[in-house]
Amino acid sequence: MIAGVALGALLLGATGTPEAAALEGLAAPLTTQILQAAPDAPVAIELQGGPNAEGLFTLLAAKLAAARMAPAALPCDAGCDDAALRSGARTLVRLTLTQTPTALRVDGELHGVWRNFWAGARDVRPTRPAAALHASVVLAAPQSPLPPGTAHALSLRSLAEVTSPLEALAAADLDGDGTDEVLALTDHALLAFDQAGQLLATHPLDALPQAAEVSRDPIGTLAVEPSPLNLLAFSQNRARGERLAWDTARHDFQTVAPLTAPRWGCGGQTFEVAFTQGENTFEPVRLPSPFPRIARRSSALSCRLTPKGLVLAYALPAGTGQEIFPGGHRALTGVGAGIGWADVDGDGTPELLTSSALLTPETDTLSVAPLSGPSQTLPVPGRILFLTAARRAGQAREAIVVAHVQADGKTALGLVEEVAP
Amino acid sequence: MSPAVPRSRLTFSALTLALTLPAAGALGASRPHFGGTATLAYAGAAAPTDPLLADPPAVAALLQLTASSLCRADAQGTTLELARALVQDSPTQLSIVLAPGLRASAGAPLTALDVATAWARTFTEASPYRALFAPLRGGERALRGAARGRERLSLPLAFPWPDLARSLCHPALAVTVPAGFGARRGVGPFVGSKGALLASRAFPAGRPFLDRLEVAVGDERTAARQLGLGRAQLSLNGEAQVEGPLRFATYLLFRPGRVGKDFRTSVEQALDRADLVRLFVRAPAAPMPALLPGAVEPSHAPGLPEPPEGPLSLVYDTTLDSQRGVAERLALKLHDRGYDVRLLGVSRAQLRERWAKGDYDLMLHAVLLPSEDGPALAVALTLAGQEALLPRELPPIGALPDLTARDALALERASALSDLGAAVPLYVQGVRLKLGPNVVLPPLDALGVPDLSNASLALEGQLLTGGR
Chain A
1 MIAGVALGAL LLGATGTPEA AALEGLAAPL TTQILQAAPD APVAIELQGG
51 PNAEGLFTLL AAKLAAARMA PAALPCDAGC DDAALRSGAR TLVRLTLTQT
101 PTALRVDGEL HGVWRNFWAG ARDVRPTRPA AALHASVVLA APQSPLPPGT
151 AHALSLRSLA EVTSPLEALA AADLDGDGTD EVLALTDHAL LAFDQAGQLL
201 ATHPLDALPQ AAEVSRDPIG TLAVEPSPLN LLAFSQNRAR GERLAWDTAR
251 HDFQTVAPLT APRWGCGGQT FEVAFTQGEN TFEPVRLPSP FPRIARRSSA
301 LSCRLTPKGL VLAYALPAGT GQEIFPGGHR ALTGVGAGIG WADVDGDGTP
351 ELLTSSALLT PETDTLSVAP LSGPSQTLPV PGRILFLTAA RRAGQAREAI
401 VVAHVQADGK TALGLVEEVA P
Chain B
1 MSPAVPRSRL TFSALTLALT LPAAGALGAS RPHFGGTATL AYAGAAAPTD
51 PLLADPPAVA ALLQLTASSL CRADAQGTTL ELARALVQDS PTQLSIVLAP
101 GLRASAGAPL TALDVATAWA RTFTEASPYR ALFAPLRGGE RALRGAARGR
151 ERLSLPLAFP WPDLARSLCH PALAVTVPAG FGARRGVGPF VGSKGALLAS
201 RAFPAGRPFL DRLEVAVGDE RTAARQLGLG RAQLSLNGEA QVEGPLRFAT
251 YLLFRPGRVG KDFRTSVEQA LDRADLVRLF VRAPAAPMPA LLPGAVEPSH
301 APGLPEPPEG PLSLVYDTTL DSQRGVAERL ALKLHDRGYD VRLLGVSRAQ
351 LRERWAKGDY DLMLHAVLLP SEDGPALAVA LTLAGQEALL PRELPPIGAL
401 PDLTARDALA LERASALSDL GAAVPLYVQG VRLKLGPNVV LPPLDALGVP
451 DLSNASLALE GQLLTGGR
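Chains as they are written, first to last, in the numbering used here: chain A, 1 to 421; chain B, 1 to 468.
For the record, the hints were derived by calculation from the structure and aren't laboratory data. The beta-carbon is built from N, C-alpha and C at its ideal position, and this holds for glycine as well. It is possible that part of the hints are untrue.
To be verified - Partial list, derived from the structure: chain A residues whose beta carbon lies under 8 angstroms from chain B: (1) Thr98; (2) Thr100; (3) Ala103; (4) Val138; (5) Val214; (6) Asp217; (7) Glu279; (8) Ala295; (9) Gln322; (10) Ala357; (11) Leu371.
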């Protein structure tokens, strides 16, 4: 799941480290303001303001990197312009993060560091690019029923049923109310459900031409691009995909442009991937730095932008996989096609969601594993094929969307939430 | 779809039978793996290449590896294979669009005309499966004129018959073209000779999971041993392990003029179907007291049988392993009642030929009943020599929009008509299939035929207990 610039992000953050969840709400408008000033790349960023500044830098840098701004951190106290020049930067962004009990605020400026040689000793700044930068986020009062860290249990609530096999699952805040909608891609349609299970829209794919070679067990990609919110949907058995926007007035999807290659989304950026022709895997993927290349065909991928950096997990057909996080990686075994990330306990750090590697279990196991500490499991009837996170307005805790195939062959969509034991 | 599907969408899916994707999608927490070689131990003689004769479920499964039908009917819906769309334009018009670029194994393109010609063989070869086309307006003539260009067919119906699309999935209607020396070839998920089959990437429903499937033809003991030793991964027609629908129905046909008065009464009095099935028919099998499985046993009218003077020949199919035993049992039971029955074993082709000519006194004849009971009734009545009843019996069934109601009415009529024709229903059988420990196969289709192109070999990690 990819975090958007949705209003929800502003309302996120309630308990534990509410700031961490709210940083996303700061990073998005800042990026927009910086890009509007049309800076020259590379951009040096000097950011002050305590422990949260580092998290904000990560989010900001990821978004600027996606816009090819080559961001870099610039540690400096005084003489920052000179330091930026020496580092090879052409634009300097200086930001200060301040925190009050109810809000987070960022103030700063952006200016070019190019200097006219003939100006001599006089410090003459270029007039362009230059901009003042401001953003703030109101921290919501705690609404979560449980403080993080307390004993809790997971429970599954049924949302909807889909008769066609599912190819991809995602969640995105289509209407901007802070609560994610659930998006399900089949060979025939893209379906949008709200978190009560109500079908909001059906976007048929039948007009798209068939792929040259189809798969009997097709997969798909469904990437979410924030600001403006775009869905990049690609079904393996179709020759092309679609870039879709949500029409709030008509409550339906609108095709913005065709998509020539499947794209996989991660932290606001998307990357091109390729399906194995006629099969049900992705070809080896070149991941964004600092991740290594996945050298083998993978059956599922999922990544997420966190304040500490990108985290990523993938599964190979044999049930092994890798979990990669800032500063390390961990081998996964016995994992199936359902793989994803969700901040289930609302502590600001997402947990890894996995399903079992079994081909035909009567009951599958959803495993929720934090980066450190014990993992939780929940039995889910049938076989889990997809897992993703869904945000809810005013809550730091995210729900897990589960797509599981039942004994009758239909795919059920369910929502897993933490409840008081 | 969820219950919240808008009405317009429902109508759309009702009209367009481009229904579901391959059922394999429903397989796994972990997805089935593409690749690998498996050996299929087949207990029986080499299978015929003519789909009209390849109707025992095991033979149909084998033939479908290289010659598919337009679609496959399973419990969840219809999976399109050689068809790209089956569209019910109106209640009395079915349009078929073939998948583009179909090529038979020999390389020649497979056109709509080939499909129409292959289906018209049900009439020219006098197959009981011509009953599947009984609702067509103009019968064989309509079929011959059905092709519209290279990839489209249009079937006009004499009356609404919503089950037509699914009856086209019947394995006997697999599309084949002559390939010399009496052999026929089609388009299937695998290509190659019967011994070693290779995955076909051009198959319109997607390549099969296996890269290669080797078919080892032998007897039952060899098949069991190969499976036990791990030399084979699947055994077909040997031991039974996989459960599914029982649609392969065996009837005792008789020629009313030759068997004496009230022959049916003799058989019904002599016969204990449960006993027959338990002792002489290989499981999975079940007694069938009425014309269709699932229909209520009719109450038989009393009669006074008079055995004929001379001997009666009982023709049976030597390629079906249970039939000789059943034929002997019937001969014995009828002998007690004064009939002199002599057995005559023939091949499946000869059996169908004799049936078409009426060249028998008694005959054990098995057919693969379509998954829906309306078309199944049409086939059973045709087999029983009551084809003339079809124009009267089928329209009321086809007029019902709901499938459950159609099946219920068809079963009711099957029960009522059981004693009318020249056929005594005996039993139904299913396929005998056993899987090795690392083979994963979705449930059998609605006719009880396994789709071996959906068989996959599980990787080691996919069979172990999950966990992180």
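Here is how each hint holds up against the structure:
1. A cut of 8 angstroms between beta carbons decides the hint on threonine 98 of chain A: the least distance to chain B is about 41 angstroms, and the hint is violated.
2. Taking 8 angstroms as the C-beta contact cut-off toward chain B, the hint placing threonine 100 of chain A at the interface is violated, the least distance being around 41 angstroms.
3. About 39 angstroms separates the beta-carbon of alanine 103 of chain A from the nearest beta-carbon of chain B, more than 8 angstroms, and the hint is not met.
4. With a cut of 8 angstroms, the hint placing valine 138 of chain A at the interface with chain B is violated, because the nearest CB-to-CB distance is about 35 angstroms.
5. The beta carbon of valine 214 of chain A comes within 5 angstroms of a beta carbon in chain B, closer than 8 angstroms, and the hint placing it at the interface holds.
6. Interface hint at aspartate 217 of chain A: satisfied, since its Cβ lies 5 angstroms from the closest Cβ of chain B, which is below the 8 angstroms cut-off.
7. For glutamate 279 of chain A, the interface hint holds, since its Cβ comes within 8 angstroms of a Cβ in chain B; the closest pair sits about 4 angstroms apart.
8. Among the interface hints, the one on alanine 295 of chain A is violated; its C-beta lies about 17 angstroms from the nearest C-beta in chain B, farther than the 8 angstroms criterion.
9. Residue-level restraint check for glutamine 322 of chain A is violated (minimum Cβ-Cβ distance to chain B is 13 angstroms; threshold 8 angstroms).
10. The interface hint given for alanine 357 of chain A holds, since its Cβ lies 4 angstroms from the closest Cβ of chain B, which is under the 8 angstroms cut-off.
11. The restraint placing leucine 371 of chain A at the interface with chain B is violated, with a minimum CB-CB distance near 13 angstroms, outside the 8 angstroms limit.
Of the numbered hints listed earlier, those contradicted by the structure are 1, 2, 3, 4, 8, 9, 11.
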